[in-house]
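Asks: Line by line, the protein sequences give chains P and B. Reminder that position 3 of the first sequence reads as 3 in UniProt numbering, one-by-one numbering, no gaps. Reminder that position 86 of the second sequence reads as 86 in UniProt numbering, one-by-one numbering, no gaps.
Just so you know, not all the hints are guaranteed correct.
[Unchecked claim] Below, in silico cross-link-like pairs of lysine-lysine (DSSO-like), each with a Cα-Cα straight-line distance of 30 Å or less:
hint: 1; chain 1: P; residue 1: Lys141; chain 2: B; residue 2: Lys53
hint: 2; chain 1: P; residue 1: Lys517; chain 2: P; residue 2: Lys538
hint: 3; chain 1: B; residue 1: Lys58; chain 2: P; residue 2: Lys406
hint: 4; chain 1: P; residue 1: Lys141; chain 2: P; residue 2: Lys342
hint: 5; chain 1: P; residue 1: Lys517; chain 2: P; residue 2: Lys141
hint: 6; chain 1: P; residue 1: Lys406; chain 2: P; residue 2: Lys342
hint: 7; chain 1: P; residue 1: Lys517; chain 2: B; residue 2: Lys58
hint: 8; chain 1: P; residue 1: Lys517; chain 2: P; residue 2: Lys342
hint: 9; chain 1: P; residue 1: Lys540; chain 2: P; residue 2: Lys517
I should point out that these hints are in silico values taken from the structure, not numbers from a laboratory.
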Amino acid sequence: MSWINLHELLLAPTHDRLLCQQPELSLSQWQARTLRLAASLAECNSQRIALHCLDALNLASGLFAAWRVGAEVYLLSDVQPASLANLEGRADLCLGDHQQAPLTDIEQLIANAHEPLAGQALAAEQACLWVCTSGSSGQPKQIRKTLAQLAAEVQVLEQLWGAQLGSAQILGSVATQHLYGLLFRLLWPMAAGRCLHPLQLGYPEDVLAQVQRQPRSAWVASPALLKRLPEHLPWSAQRERLCSVFSSGGPLPASASAQVADWLGHAPLEIYGSSETGGIAWRQGGEYWQALPGVALSADESGALQVRSAFLPAGHCEVMADQVAFAPQGMRLLQRLDRIVKLEEKRIALPALEQRLEQHPWVAECRLGLIEAGRAHLGALVVLNTAGRHALRNGGRRALTDALRKHLHGHCENLALPRRWRLLEQLPVNAQGKLGQAQINALLLAERPRHAEVLNQHSSADGLHLQLRIPLDLAHFSGHFPATPVVPGVLLIDWAIDFGRQYLQLAGRFSGMEVIKFQRLLRPGDEPVMTLRFDAAKGKLHFAVRCADEPCASGRIRWESTDV
Amino acid sequence: MSQLEQEIKTLIIESLGLEDMTPSDIDSQAVLFGDGLGLDSVDALELGLAIQKRYGIKIDAESKDTREHFRNVASLAAFVSQHRSA
Numbered sequence: 001m002s003w004i005n006l007h008e009l010l011l012a013p014t015h016d017r018l019l020c021q022q023p024e025l026s027l028s029q030w031q032a033r034t035l036r037l038a039a040s041l042a043e044c045n046s047q048r049i050a051l052h053c054l055d056a057l058n059l060a061s062g063l064f065a066a067w068r069v070g071a072e073v074y075l076l077s078d079v080q081p082a083s084l085a086n087l088e089g090r091a092d093l094c095l096g097d098h099q100q101a102p103l104t105d106i107e108q109l110i111a112n113a114h115e116p117l118a119g120q121a122l123a124a125e126q127a128c129l130w131v132c133t134s135g136s137s138g139q140p141k142q143i144r145k146t147l148a149q150l151a152a153e154v155q156v157l158e159q160l161w162g163a164q165l166g167s168a169q170i171l172g173s174v175a176t177q178h179l180y181g182l183l184f185r186l187l188w189p190m191a192a193g194r195c196l197h198p199l200q201l202g203y204p205e206d207v208l209a210q211v212q213r214q215p216r217s218a219w220v221a222s223p224a225l226l227k228r229l230p231e232h233l234p235w236s237a238q239r240e241r242l243c244s245v246f247s248s249g250g251p252l253p254a255s256a257s258a259q260v261a262d263w264l265g266h267a268p269l270e271i272y273g274s275s276e277t278g279g280i281a282w283r284q285g286g287e288y289w290q291a292l293p294g295v296a297l298s299a300d301e302s303g304a305l306q307v308r309s310a311f312l313p314a315g316h317c318e319v320m321a322d323q324v325a326f327a328p329q330g331m332r333l334l335q336r337l338d339r340i341v342k343l344e345e346k347r348i349a350l351p352a353l354e355q356r357l358e359q360h361p362w363v364a365e366c367r368l369g370l371i372e373a374g375r376a377h378l379g380a381l382v383v384l385n386t387a388g389r390h391a392l393r394n395g396g397r398r399a400l401t402d403a404l405r406k407h408l409h410g411h412c413e414n415l416a417l418p419r420r421w422r423l424l425e426q427l428p429v430n431a432q433g434k435l436g437q438a439q440i441n442a443l444l445l446a447e448r449p450r451h452a453e454v455l456n457q458h459s460s461a462d463g464l465h466l467q468l469r470i471p472l473d474l475a476h477f478s479g480h481f482p483a484t485p486v487v488p489g490v491l492l493i494d495w496a497i498d499f500g501r502q503y504l505q506l507a508g509r510f511s512g513m514e515v516i517k518f519q520r521l522l523r524p525g526d527e528p529v530m531t532l533r534f535d536a537a538k539g540k541l542h543f544a545v546r547c548a549d550e551p552c553a554s555g556r557i558r559w560e561s562t563d564v
Numbered sequence: 001m002s003q004l005e006q007e008i009k010t011l012i013i014e015s016l017g018l019e020d021m022t023p024s025d026i027d028s029q030a031v032l033f034g035d036g037l038g039l040d041s042v043d044a045l046e047l048g049l050a051i052q053k054r055y056g057i058k059i060d061a062e063s064k065d066t067r068e069h070f071r072n073v074a075s076l077a078a079f080v081s082q083h084r085s086a
């Protein structure tokens with residue numbers, strides 16, 4: 001195994017080597033495909049090429065062929081219609097190896113080439129790619145990476161873990177369309193001469209099947225998988241074969257790390273980094289991070305991490321949205337300082353989704369938050385406008401939230417579609433006039449209301465008048481009825497009893513009811529008045545509900561004194 | 001709807017935190033991991049774990065049929081009943 005610098009991967013090798021065992025593909029065979037692709041690209045004269053491949057070695061061909069003809073590469077993070085539309089004007093060719101979107105087929109271009117271009121060294125400072133990530137404002141952000149920066153990072157990885165990996169084959173469960181997968185699953189093994197498995201192994205069962213085929217493997221994994229490894233699979237039996245597990249993209253729970261360590265005899269190697277900065281620090285279990293070689297870390301006055309490294313443009317200092325603390329043992333991550341959340345390692349910019357939701361004709365305002373009960377997902381606090389309230393009253397909550405989810409579809413991955421919805425009259429604000437993320441999350445976690453809201457009260461000769469509001473999100477609406485939310489009559493009686501206890505200090509218990517009438521239905525957002533009068537002589541609570549001057553319900557509740 | 005299908009639908013709703021859903025909202029023949037329910041690959045992992053735990057069965061590493069079993073509730077029910085009795 002001899003090292004080949006990334007910028008020299010298109011030069012004819014002195015000793016050929018395998019890049020992949022199944023299907024078998026050698027470096028020289030890959031070069032032949034890549035240089036044929038380069039010839040086709042030269043004919044199209046594309047300067048900016050967008051790439052999305054399922055097969056990592058196809059991606060490598062696209063990448064190096066583009067660099068060979070002096071083109072820049074856009075690494076697409078997904079092929080959602082909105083992402084492709086975003087690309088308008090940025091790329092003059094979209095290249096790929098699958099049918100999930102209208103892409104120009106790499107295989108076709110390779111087949112069409114007349115004569116391959118000659119292999120030559122690439123200009124490491126000029127060859128570049130753009131990786132897409134969600135910016136903190138919610139707008140997608142393009143980050144430029146030069147081949148020299150990628151090469152510097154790959155070299156650091158080899159310096160740290162090359163000896164430990166030896167000739168292990170590299171398996172990956174993360175996409176190579178993102179920086180982590182691109183570096184760990186593709187560019188590093190290509191430079192080091194380790195065989196790689198070109199397809200993303202999405203399930204632990206698939207990974208284990210591959211591990212069992214080779215004497216030694218390393219696994220480029222993610223917390224999403226590592227925290228969901230089925231216990232019944234024979235992990236311990238693979239101790240000798242599975243020599244390293246990498247985890248990046250988000251925090252790995254300590255319990256998941258410990259479980260892997262228990263099975264395999266070594267904890268996963270966690271890498272902390274970002275698309276902007278590349279790798280920053282690493283750890284293997286524990287809570288302290290060590291800077292990668294060549295990375296300088298410091299904190300600004302708010303505690304935000306500042307990064308300088310060879311993987312960034314020279315002289316650039318990247319300020320991260322993570323608050324950190326330094327100790328002699330290393331660096332600790334404290335909290336996020338912005339509104340980007342990580343959902344199973346996918347970076348989701350909440351503002352972008354909120355902007356999209358607020359474009360829906362039913363939505364006045366909304367805020368999103370992360371809910372970590374059970375499987376983590378997003379929740380949405382929504383203030384409906386008049387049209388939205390009509391939609392809720394006439395079609396029910398489920399139809400409304402379905403429509404809002406559909407509206408987001410195509411603008412984010414399915415993973416980010418909110419699962420929990422809370423419909424509010426208005427968004428609360430704190431003393432500073434802001435709505436903090438902690439408050440948003442608390443509102444999302446709250447159960448849906450089971451009572452009418454009491455807006456005000458006054459007494460007259462007729463009794464106590466309570467001005468009520470029927471919550472848009474009343475829990476009972478889901479079943480009564482799914483497509484036509486109306487307040488159940490029995491619930492009005494229940495409220496009358498509760499309000500009687502609360503406002504008229506009635507003790508005792510319900511013992512029956514008389515002349516109950518329901519004349520008009522109450523629906524979400526209605527503001528009825530409930531009048532309560534207690535006839536102490538007869539032990540009867542009279543209640544009447546009126547809305548917009550029409551009677552809705554009335555009756556008498558027999559009250560049994562408990563001290564009899 | 002068979003008892004087992006009903007049970008699996010409840011398991012899906014509970015383990016994946018699907019709000020406002022009842023078993024009758026899930027069509028036994030509808031594709032689980034397409035656009036229908038909006039489930040994603042992490043849900044597939046979660047559901048795989050939940051099924052294995054609840055019914056004490058193993059999903060084979062190399063079985064090419066795994067994806068077919070998880071196609072819809074009906075195929076999942078068939079898979080579970082076959083392996084439970086085996």
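Asks: Give a verdict on every hint.
Replies: Status of the hints after comparison with the structure:
Between Lys141 of chain P and Lys53 of chain B the CA atoms are separated by roughly 41 Å; this puts the pair beyond 30 Å, and the hint is violated. The suggested pairing of Lys517 of chain P with Lys538 of chain P holds, with an alpha-carbon distance near 20 Å, which does not exceed 30 Å. Note on Lys58 of chain B and Lys406 of chain P: the hinted pairing is violated, with a Cα-Cα distance of about 35 Å set against a maximum of 30 Å. Proximity of Lys141 of chain P to Lys342 of chain P is assessed by CA-CA distance (about 16 Å); at most 30 Å being required, the pair is judged to hold.
For the suggested pair Lys517 of chain P and Lys141 of chain P, the alpha carbons sit about 61 Å apart, so the restraint of at most 30 Å is broken. The straight-line distance between the Cα atoms of Lys406 of chain P and Lys342 of chain P is roughly 22 Å, inside the 30 Å bound, and the hint therefore holds. Annotation: proposed proximity of Lys517 of chain P to Lys58 of chain B is violated, straight-line Cα distance about 58 Å (limit 30 Å). This hinted pair does not check out: Lys517 of chain P and Lys342 of chain P have alpha carbons roughly 52 Å apart, beyond 30 Å.
Restraint check: the Cα-Cα separation between Lys540 of chain P and Lys517 of chain P comes to about 16 Å, which is no more than 30 Å; the hinted pair holds.
Violation of the numbered hints given earlier is confined to hints 1, 3, 5, 7, 8; the remaining hints are satisfied by the structure.
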